[in-house]
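Protein chains in written order, with the numbering used here: chain F, 197 to 519; chain R, 1095 to 1385.
Hints in this document: simulated from the structure, not taken from any laboratory.
Ideal Cβ positions, reconstructed from N, Cα and C, are used throughout, including at glycine.
Do not take every clue at face value.
[Stated by the list, open to error] Just the calculated beta-carbon pair ranges, DEER-fashion: (1) F:Arg-266 - R:Ala-1100: 54 to 62 Å; (2) R:Thr-1136 - F:Leu-313: 52 to 60 Å; (3) F:Leu-209 - R:Pro-1157: 53 to 61 Å; (4) R:Pro-1329 - F:Arg-428: 36 to 44 Å; (5) F:Gly-286 - R:Asp-1286: 22 to 30 Å; (6) F:Val-363 - R:Ala-1186: 34 to 42 Å.
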Amino acid sequence: MLRFTLRRAASALLTLLGVLALVFGLVTAAPGDAAALAARAGGNRAVSVSPEALAAFRHLYGLDRPVAERFLTWTWRALRLDFGRSLVDGQPVTARIARALPTTFALNLAALFLACLVGVPLGVAAARRPGGRLDRISGFVCDALFSTPTFVLGLLLLLVFSGWLRVTPVFADAETGLSGFVLPVVTLALASLALVARFVRVCVAAALADPAARAGRARGEGPPAEIRRALRRSSAPFAAMGAALVPAVVSGSILVERVFSLPGAGGLLAEAVFARDLPTVLALTLLSAVVVVAASLAADLVTAALDPRTVRADDAPPRGIAP
Amino acid sequence: MTDARAALRRAGIAFALFPLLALLAPLVAREKPWVSGRAGETILSAPVPFDPDGVDLDRRLAPPGGRHLLGTDELGRDVLARVLHGARLSVAAGLLASALALGLGAALGTLAGWAGGRTDRAVLLLLQIVQALPALVLVIAGAAFLRPSFLVAALLIALTGWTDAARLVRAGTQRLRSEAFVDAARASGASDARLLFVHVLPHALPPALATLPYVLGSAVLTEAGLSFLGLGAPPPAASWGRALAEARNLLPGAWWCVLPPGVALFLLVFSARRLGDAFLGRRGDVQSRLA
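Construct the complete structure from the given sequences, taking the supplied hints into account.
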């Protein structure tokens, strides 16, 4: 188990380093001069900047150093959570992100909680009678949810609840308090609900069809005990589901924050992208990768703890849901 | 069997409507009449007699009905004409990105499965790295530093979407490499290329090809998200994602600017996923792809 843990952790670190190199390479290889843009105060092309000022700016932000050196410096600083200063307002990137994170975390956690609260019972109910009416209906609803872009879902909810019923604010801010949070959370939860419900349905249906379930029925177990045991037997795949949910929710929350103009990390990313604020974009990209890799590492370890066979198995257990 | 075939035909026809719509949009929605008289008078106008870029500031935000079947947006452009033309962008982006993703995935999967060893591990690491980034984050980060355009968006989406195809093709190639008929072909002196292209790939590729509709669906979703964030194809090209971003600021009014592009996006992705289900002969059971 210890060897397994160490190997997984090492592989996760290697992955993160790869992410760093990939993103940094993409950014440095791209055309466009961040210094020229940023020195013009956010890309105002009407303002002309003297070459000396540009050079000073490049020097100030270390943009005149060789690429390899910049990468190493940046990686070393990133390890100490120092991402430099934003090219937009000169504030430390870490502070800007720290301000935005609580909103994003609250949104994502609430949405995940809500999705599981509804999705798990729905999946179990559908799995009890595969091909039954409930299974068909929930299958269709999940299919429809899979096919709806998250931001369209958000806009539709806004249209209905803020436009026609007028029960929620159109633009959330400090004054609207929690009521402004309801629609974003519901939108994001609906987007991940389909994944949870379908996954639980598949796992529980398989667990209900295996010999262990038949043995339980032969012993005279009632439906509640049967479901409880089926859930327990499928707990290892559930961990994998958790890992698969995280990237989906992160992607979704960028769009949801934009739709509802929430001041979260997703909104910050969109803003940084428009201003070509290199340090902020890099830091946020890395942060999202850390979250995903940590989730998948945790899922692997939980799976291994629940099912010792995975420790002995081949070095690459499938992550997420195999097609 | 015949049942499955009928389902496949239905799903195929439903999906094919969208490329058809995309091809015909310039003909169906245009201001220039189909047939005009010698003096320039209209004899037969197009079904939707408006250009997608036809700004008409006197008719801003006209509700549906009358001359504008689905109303007009904040610049007085006909919503129906813009939705019809928007299909071109979404369909093209979906087709191009998914084809590129499959090609890339198939190439890397074959390489990893056939070569094995160090090459295999390198490809697997690359796969892990790409999967560690939420697709939208990677695409946004890329789009931020390249000038937003249709091609850039399609390329970036392909760069994030190749992993499933690569996994499938790699597994297939690995399994087939040690099959008896491949050994037999090798023993009779077939070259590596012949082994691959004649004996292995015809069996290893179909599972990945069958996922094309799903890849296409999620490519369309990602492109729309990118356009919604303002990082897709630049204006004035009609795009469903950007139309929705513009409509956001009009809420809570102007629902007719939100519903048509939203429903169009949904139908395109839904029909693509249905086609994928029909290919795989199952009814939305296991699939779990998100944007």
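Do the hints match the structure? See the list:
1. F:Arg-266 - R:Ala-1100: 54 to 62 Å: holds (60 Å)
2. R:Thr-1136 - F:Leu-313: 52 to 60 Å: holds (59 Å)
3. F:Leu-209 - R:Pro-1157: 53 to 61 Å: holds (57 Å)
4. R:Pro-1329 - F:Arg-428: 36 to 44 Å: violated (55 Å)
5. F:Gly-286 - R:Asp-1286: 22 to 30 Å: violated (58 Å)
6. F:Val-363 - R:Ala-1186: 34 to 42 Å: Once the Cβ atoms are compared, 40 Å apart, the range 34 to 42 Å for Ala-1186 of chain R and Val-363 of chain F holds.
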